[in-house]
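Each chain is listed here by its residues.
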Amino acid sequence: MTPERSTRGAAGPSIVLRAVSMSFERNGEPLEVLRDITLTIAQGEFISLLGPSGCGKSTLLRLVADILPPTGGAIEILGTTPADARRTRAFGMVFQQPVLLPWLSVEENVTLPLRIGAWGRTHPSGPSPASLLELVGLQGFEQVRPAQLSGGMQQRVAIARALVSDPRVLLMDEPFGALDAITRDRLNEELLRIWTETRRTILFVTHSIPEAVYLSSRVVVFSPRPAQIRRAIEIGLPYPRRPSMRDTPEFTRFSAELREALEH
Amino acid sequence: MAASGRSPAAEGAATARRPRRRAPGEALWRRHAISIGTFVVVLLLWQAIIVVFHVPVYLAPAPLQVLGALRTETHTLLVNTWPTLIETVLGFVLGNLIAVVTAVGFVHNRTFRHSVYPLAVTVRTLPIVAISPILVLLLGNGYAPKVAIAALITFFPTLVNMADGLNAVDAQALELMRVLSASRWEVFRYLRWPTSLPYLFSALRIASTASLLGAIVGEWIGSNAGLGYLIVAATYDYRTPLLYATMTVASMLALLLFNLVTIVEHYAVPWRPTGGAHVE
Numbered sequence: 032m033t034p035e036r037s038t039r040g041a042a043g044p045s046i047v048l049r050a051v052s053m054s055f056e057r058n059g060e061p062l063e064v065l066r067d068i069t070l071t072i073a074q075g076e077f078i079s080l081l082g083p084s085g086c087g088k089s090t091l092l093r094l095v096a097d098i099l100p101p102t103g104g105a106i107e108i109l110g111t112t113p114a115d116a117r118r119t120r121a122f123g124m125v126f127q128q129p130v131l132l133p134w135l136s137v138e139e140n141v142t143l144p145l146r147i148g149a150w151g152r153t154h155p156s157g158p159s160p161a162s163l164l165e166l167v168g169l170q171g172f173e174q175v176r177p178a179q180l181s182g183g184m185q186q187r188v189a190i191a192r193a194l195v196s197d198p199r200v201l202l203m204d205e206p207f208g209a210l211d212a213i214t215r216d217r218l219n220e221e222l223l224r225i226w227t228e229t230r231r232t233i234l235f236v237t238h239s240i241p242e243a244v245y246l247s248s249r250v251v252v253f254s255p256r257p258a259q260i261r262r263a264i265e266i267g268l269p270y271p272r273r274p275s276m277r278d279t280p281e282f283t284r285f286s287a288e289l290r291e292a293l294e295h
Numbered sequence: 256m257a258a259s260g261r262s263p264a265a266e267g268a269a270t271a272r273r274p275r276r277r278a279p280g281e282a283l284w285r286r287h288a289i290s291i292g293t294f295v296v297v298l299l300l301w302q303a304i305i306v307v308f309h310v311p312v313y314l315a316p317a318p319l320q321v322l323g324a325l326r327t328e329t330h331t332l333l334v335n336t337w338p339t340l341i342e343t344v345l346g347f348v349l350g351n352l353i354a355v356v357t358a359v360g361f362v363h364n365r366t367f368r369h370s371v372y373p374l375a376v377t378v379r380t381l382p383i384v385a386i387s388p389i390l391v392l393l394l395g396n397g398y399a400p401k402v403a404i405a406a407l408i409t410f411f412p413t414l415v416n417m418a419d420g421l422n423a424v425d426a427q428a429l430e431l432m433r434v435l436s437a438s439r440w441e442v443f444r445y446l447r448w449p450t451s452l453p454y455l456f457s458a459l460r461i462a463s464t465a466s467l468l469g470a471i472v473g474e475w476i477g478s479n480a481g482l483g484y485l486i487v488a489a490t491y492d493y494r495t496p497l498l499y500a501t502m503t504v505a506s507m508l509a510l511l512l513f514n515l516v517t518i519v520e521h522y523a524v525p526w527r528p529t530g531g532a533h534v535e
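Residue numbers (my numbering), protein chains in the order written: chain F, 32 to 295; chain V, 256 to 535.
Keep in mind that the hints were calculated from the coordinates and are not lab data.
Certain hints may be false.
Okay, the calculated bits of chain F under chain V, using three or more residues with CB under 8 Å as the criterion [as the list claims (entries may be wrong)]:
1. 48-57
2. 93-104
3. 126-136
4. 140-148
Note that CB positions come from ideal geometry on N, CA and C, so glycine has one too.
Whenever a hint applies, use it, and build me the whole structure from the sequences.
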């Protein structure tokens, strides 16, 4: 039995971080980026990592994604190591930039993960590219090249690409940080809808307080470098969330709470 | 399919950018007319100067005399164009092929890069006119030394541009490949190679004219055929109109090769590259 079959769909936690720490070597000096991060994320949670720019929250996401190895502690994704989770495509990743390949069409970009490692041939039961493009609202744009799309549309393509291997977890590194406020709000709506429809665990890095409140079921607040967890705050706003909720006293209270946690 | 709650790509429909179209046909025609007009004016001016100041033909021929030579010496010119063209094309293919393979080696093996790159730079600093006699001594009087010189002259710009192009990949794109557990070959095939193509083609455009130059220089040193040989022969015999006609043919040949590369590039790199390659 492959690890993927034994863990996917199991009832355990989605991601477990145990005393994770990370240091880089910079100009011969050790640079401590993350200190003693312990966190358990349940399956289906929408969890945001909130912290000042450059605090190390993106680094933490890269440790979970097995792009970098942590210098201390342990990470578990669906009961396996990050390396196994990466090999079994337990997670998909969306970066700050769309990172689309300009020589491929929208459809070819979305299906790129299926061609790498012949994933599509060995896992033929994944979601169809057409259904994913519909999910992100890009039906009819299959044959278009990325350069012809706006920044918001490019990031939608990147989300569809992250979902094409049918991962249980979605890792998102400030995916809407480079977009204008209007597009960002719209994509927040889209992301919540996608999350509701697909029920994946989402680990979302942001430095925007309103974005964190609006999207998340829980927000983890980090200190400046070396990043430590200051607080983890449950956002008690009911789903589905509506744009009008941004103007409610509850929304303001959660925002204030997060701001205080960031500044204290 | 229930449409409620789904926002269609309204944003997309409104903001999707069309690829920038070329200037309309009329403006394009106008641009060509201007450049051809300038060319004609320069030729007329040249003709006028020769006639007014009674410049003797052996010093500098008038455009009409060059045109005359192009017509009367068509056979001589054609017979001598073939060897040069063959040397140029062979040198172009050989030099660029070796350069591309070497650049791929650089990307995948650091030791190889550190050992070969300084050597390539050193060879590059040697003046091509000085290497040419050496190659003629080594390789004889046939096509071989000319092909070698043409290859040598194209090798370095392509090597540098190609090595840069293969490394011009976005850091996040490499992270994406990592997340997808892509093999080195897959990273090369899906990411590095397409990224490098715009760089390769700007090097090939340089190489197209440089390889012709290499072949002609090779023919100067030791040859009894080719445009380079014709230039030397015409100069010694004071057949100045033939000399100018040969230059005209060489120039046309260079333009032809350059445009050929540009046309191939248009089909091979249809996406609009954003990062430009640098010119060596």
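Right, here's what the structure says about each hint:
| no. | hint | result |
| --- | --- | --- |
| 1 | 48-57 | violated (count 0) |
| 2 | 93-104 | holds (count 4) |
| 3 | 126-136 | holds (count 7) |
| 4 | 140-148 | holds (count 5) |
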